[in-house]
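For reference, the chains in residue letters:
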Amino acid sequence: MREVVIVGGSIAAVTAADALRQQGHDGPITIVSDERHAPYVRPPLSKGMLKGTESVDSVFMAPLRADLDFRPKTRARGLDLGRRRVLLEGGEELPYDGLVVASGARARRLGPPEAGELVVRDLDDALRLREIFATARSVVIVGGGFLGMEIASTARGLGLDVTVVDRDPPLVRQFGAFLAGHMTRAALAAGVRLVRAPEGVRLAGTPATAVLTGEGAPLEADVIVTAAGDLPNVEWLAGSGVGDPGGLLVDERCRVAPGVVAAGDVVARVADHTGLPRRSPHWGSAIDQARAAAQALLKGDEAPEYRPSPYYWTEQWGLDIKICGRILPGCETHVVTGSMEEGSALLQWTRDGATVAAATVNHRMPVVKLRKLAAAPVPERTTG
Amino acid sequence: MRIIVDEARCEGYGFCAEAAPHLLELDDEGELTVLAEQVPEDERANAEAAVRVCPVAALKLAP
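Here the protein sequences line up with chains A and B, keeping their order. Per the numbering used here, the first sequence starts with residue 1, numbered consecutively. Per the numbering used here, the second sequence starts with residue 1001, numbered consecutively.
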C-alpha cells in the first residue's frame, strides 16, 4: 500500500487517516474535502454552537497531523475503480493504491437547491442560522427527529416562538413511545407547539415564509428550518459500479471493492435480520467504522470484523440522554434506577426477554458501563 | 507536552483511549485514567489523535 486517498473531511476521514498512521502506513495520505473549513465536530452545531454558549472556535478539531496532505475546497466528482483514480472537479486525477470513501451525507431538502432552504448540517449552515435566530421571533421546524427537536430546544432557549411539524409524533421512531413521550411532554411544557401533518408538508415562498400542511392554516414564521433527515453523498460515484441512493454498501470489514473501503454517514450495511441495508449516521459509528476500514485497507482478511455497537446521544429541554443499542418497535421499557418524574433515570429495553438497549437520562455513567447494560439482564424488581 | 483532562466535561466515551492506548485508559468502572501525563515525543501523534476524537472537547494538550 503506497498512496492513500481519503474523500471527505469530517470525523470519519480524519479518524481513518490517524488509524492508518497508527497501524504503520507511512506512505502519502491525501484528504480531499469539499468544505472550505478545516475539520470540525458536528454534534455542537445544533446545540451549544447554535445557541451561542459555545464559541465557533470550539468546534474545530485539533490541527491535523503534519504528514497529511489536506486539500479543502476540493470536490471529488468521479471514481475509476479499474484505473484506481479519484477524479476531481476541475479535471485533476488522483491515483491511489487505497481509497477511503468518507464523503458523508447532506441535509435532505424539501425544495430545489436554489430555494435557499435553511438546514443544519455543516458549520456554515449553523453560523447562518445562529445569526438569523439572534433577531427572529418565531420559527417553524419541519421534522421532529433528533436534529429537529434539538434545534427546537435551542431556539426556545433563545426565546423564539417555536413550532415543530412532522408526519409522525416526534422521536418515537428513534426512542420508542416511553422516552419519546417524556421528551414530547418536556417540549410542550417548554411552550413548543407540535403539529402533525400526516400527508407531509410543502414550503411556501422563496425563501420560505410558511409551511403548508394540507389541512388548516399555513404555519407562518420569521424563519423556516428543514430538519428532514439526511442523504448519503453517493452521486459522485455514479457510473463507478458502486454506491446506491441508500448509501455505499460495505462488507463486514467496511470494504467496498478491491483497494476501497468506506466509513461514516455514507456507509450502509446489512446489519440485522431484515437483510436491508441501513445507515448509522452517528459520531461513534463514524469513528468505529473509520478504524475498521483503515485496518481492512492495510490487512485485508486479517483485519478484525467491524462489530457495530450503536451509541448516540441528544440534549434537549434540559434532558441529557445517552443510548446504547437500538430501541426496536415492540420493546418493553424498564426504569432501572431513578424516575422520569424526578428528572434522572437509567432505562433498559427488552424484546422477547432479551435486553436490546439501555439509556441514561440526566444520569452520568461511563459509556462502557452503559454498553454492558444494553445487553445485561434487567434487575427483577423493575420488570413487569 | 502534557495531556490535560477536563473531568467535568469527560463523559467516558473512550474514543481517546483507543486512539492513544499507551497514554489513556478506561478503568474497570469505565472512567478515564491518564497513564502518562507527560507525552513522549513518539506518542505525540497519538495524543493529538485522541484529542480529535473527543466529541465533548474534554482533552487538551499543553506545552
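Since the hints were made in silico from the structure, they are not lab data. For each residue, glycine too, the CB sits at the ideal point set by N, CA and C. Take the hints with a grain of salt, since some may be wrong.
Pairwise CB distance ranges, derived in the manner of DEER restraints [what the hints assert, rightly or not]:
id: 1; chain 1: A; residue 1: 379; chain 2: B; residue 2: 1029; range: 16 to 22 Å
id: 2; chain 1: A; residue 1: 217; chain 2: B; residue 2: 1027; range: 43 to 49 Å
id: 3; chain 1: B; residue 1: 1025; chain 2: A; residue 2: 114; range: 26 to 32 Å
id: 4; chain 1: A; residue 1: 114; chain 2: B; residue 2: 1044; range: 24 to 30 Å
id: 5; chain 1: A; residue 1: 24; chain 2: B; residue 2: 1038; range: 20 to 26 Å
Over 12 Å on every C-beta distance to chain B, these chain A residues come out as not near it, computed from the model [claimed, not checked]:
id: 6; residue: 18
id: 7; residue: 21
id: 8; residue: 93
id: 9; residue: 113
id: 10; residue: 229
id: 11; residue: 301
id: 12; residue: 313
So, going through the hints one by one against the coordinates:
1. A:379 - B:1029: 16 to 22 Å: The hinted range 16 to 22 Å holds for residue 379 of chain A and residue 1029 of chain B, with Cβ atoms some 19 Å apart.
2. A:217 - B:1027: 43 to 49 Å: Because 58 Å falls outside the window, the suggested range is violated.
3. B:1025 - A:114: 26 to 32 Å: 51 Å, violated
4. A:114 - B:1044: 24 to 30 Å: At 46 Å between Cβs, range violated.
5. A:24 - B:1038: 20 to 26 Å: 24 Å, holds
6. 18: 4 Å, violated
7. 21: 6 Å, violated
8. 93: Non-interface label stands for residue 93 of chain A: nearest chain B Cβ at 29 Å, farther than 12 Å.
9. 113: 30 Å, holds
10. 229: The assertion about residue 229 of chain A holds, with a minimum of 21 Å to chain B.
11. 301: Non-interface label on residue 301 of chain A holds, nearest chain B Cβ at 22 Å vs cutoff 12 Å.
12. 313: 8 Å, violated
Violation of the numbered hints given earlier is confined to hints 2, 3, 4, 6, 7 and 12; the remaining hints are satisfied by the structure.
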